Amino acid sequence: MSALIQSTPAAASTEAAPEKELRPPSYWPFVVPALVVVLAIIIFPWVFTIWMSLNEWKVGSPTTFVGFSNYLRLTSDPRFLEAVGHTLVYTVLSVVLPLILGTLSAVVFHQNFAGRGFLRGVFIMPMMATPVAIALVWTMMFHPQLGVLNYLLSLVGIPAQLWVFHPATVIPSLVLVETWQWTPLVMLIVLGGLAAIPTEPYESAQIDGASFWQVFRFITLPLIMPFLFIAGMIRMIDAVKSFDIIFAITQGGPGSASETINIYLYSVAFTYYDLGYGSAIAVVFFLLIVLLAAVMLYARQRMLWTEIASGA
Amino acid sequence: MANYNISRRTLLKGTAAAGALGLTGVPARAEVNWKKYAGTKLEVILAKGPRGDNLQKNIKEFTELTGIQVESEQIPEQQQRQKVVIELTSGRPSFDVVHLSYHVQKRQFEKAGWLADMTPFMKDPTLTAPDLVESDFSAAGLQYAKNDKGQMLSLPWSVDYFILYYNKELFEKKGVAVPKTFDEMVAAAEKLTDAKDGTYGFVGRGLRNANMTLWTNFFLNYGGEFLDAKGNIQTDGPEAVAATKLYQTLLTKVAPPGVAGFNWMESMASFTQGRSAMWIDGVGWAPPLEDPAASRVVGKVGYTVVPAGPKGQYSATYGDGIGIAAASKNREAAYLLCQWVVSKKQGARLLQAGGGVPFRNSILNDPEIQSGVKMPKEWLQSVIDSAKISKLGLPVVIPVAEFRDLVGAALTSTLSGADPATELKKAHEQYRPILERSEKA
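Protein chains in written order, with this note's numbering: chain G, 1 to 312; chain R, 1001 to 1441.
Quick caveat, the hints were computed from the structure, so don't treat them as lab data.
In silico DSS-like cross-links for lysine-lysine, where the CA-CA straight-line distance does not exceed 25 Å:
1. Lys58/G with Lys1111/R
2. Lys1083/R with Lys241/G
3. Lys1180/R with Lys1300/R
4. Lys1440/R with Lys58/G
Keep in mind that this is a model prediction, so the values were computed, not measured.
Whenever a hint applies, use it, and build me the whole structure from the sequences.
This is the structure:
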């Protein structure tokens, strides 16, 4: 008993000394779960993908380390280079068109008119549908012989089009589907922005006799710019990795006219089972997305500076 | 009642076998012991389609017969192929029995050693019914199921021949005879095409990859062979160029606009709406063509073999089989299931509904089964005739998908006016290293 009493202060003092220097921050145990999850589902797969991309890694055969040869193969792979081009065209079109149409429709739906709520609801319906289901319906609408689109064109005297069935028109036609589905999203974001704009600038513009276009160009547009950037960013990320609509409608065809990086990546990894090469494509694809995002952020930064400069 | 049928059949067989064996003096115990693996549980992975449906619909009969419980799932073909490969690579597949597409997966499965050898099972009279013998399967089926060493790695389940579908009404209207050769087919298609009216002479797959299954009918009939003796691919030779020229002519001059993007679905839509007079595709489309709810050409469809080319007449053949995962712990029970899947009764059901064609001659040529076929007689005749001229429709290599994509893309390019020889050469240059890499590995 006495030993216990004597030893207790001693033990306490030896523990207390290092506690001051070495004790980790008290919050670290709370970080561990999140850290483990991030390591397991983000960092590890990434490192592993990079590792796979440095190997000749085919399902069913042994793997060998090959260094950067998968990346070198990319530079001389015409299908990959074409896919990069298709991805860029597809992305630019399916960001710009929904942005323009979404902004216009937001301006329209911001006005007060009868049945506005109902029409807004109708307008955002495409967004709620499943992309693959939509894609299958559009495929039949695009059918050059039996599709409803060519029938509608024939009513106004425009000759029948080949839509997704011709290499030259396939990407614009796919963008049409993408635009139809995602314009409402842009509209919703911009509508939120419009609701947040104060009314004073409009009143003074009215007093100064500004035209509708001037009001839109010099008041509305600058004020909703941050919202447009958000919408643009979301659209860009969605469009660049778009898969379901393209895959369900054309599978990258006709030929390889609508084969984006994502579609090609899918073929390489899951149809050809060439995981090493597929991983190399995935790494390059990731870098491309980072690059695009960086360009957008840079543009945004610049825009803010000019806003401030012109405002001052 | 179903149970009664089977036991009666088994009894008859057993009696016959006993009689035959009695003459040779061997003890008459050579009867399949169906119940031996009662209580076993099997997992089956199936590609979605009439074959899978036929299995799932009647699986209770198998369980009654053997006492083996079967869990099965159907997944769309493309996804099923991926899932199966990924699981088999892992070494611990979740299934015992696998439905495979020979024309895509044969070589890959053999090289990786994913399937259990069935040869010893087939020789074991306590496991194999006497009517299931190798010689009953068609040549194409055995070519698909056996490896280089002659081992049976799966049982051939259903074969897909390519046949010519034609619209009798359009043919009569224009006074055109059913073509017997490629030249006649082109001439007929030209006569049947009336662009102003919106009807065309020919329709078929133009979409990359899918189009290869059509093109190979032309390639084979121009005397083409996919591989030479050393295993080099030969799809840039004169036969391939001639076949591609025919393909280009048909699909650009006498086919509906946009055919470059057509798979079987769009082609079938055009044909069932009476907008195309001829269609070459797999034999399995008779049910939708004869379904009044989906087709405007019910009762007007003619069925015949693919016309002859200058160097012969073949029907490009594809097929699927059913095999046992080498990693399965229930191989014998799995074998009983495979055997039941390709049994006479199941095969008859498949054929009679038009959902597939069994590889077994004893089913296809059985007059009683033939009389129960619900499809038109002409369809059945085209199947029987195609069986006689069947030839494998794709090269037996591992990178089949790359082959279909690259040569398929070349074909699609010719539909926008590119030169067949140049395009084939280009595809060939791209494909050769891929094939070499896969054979080397």
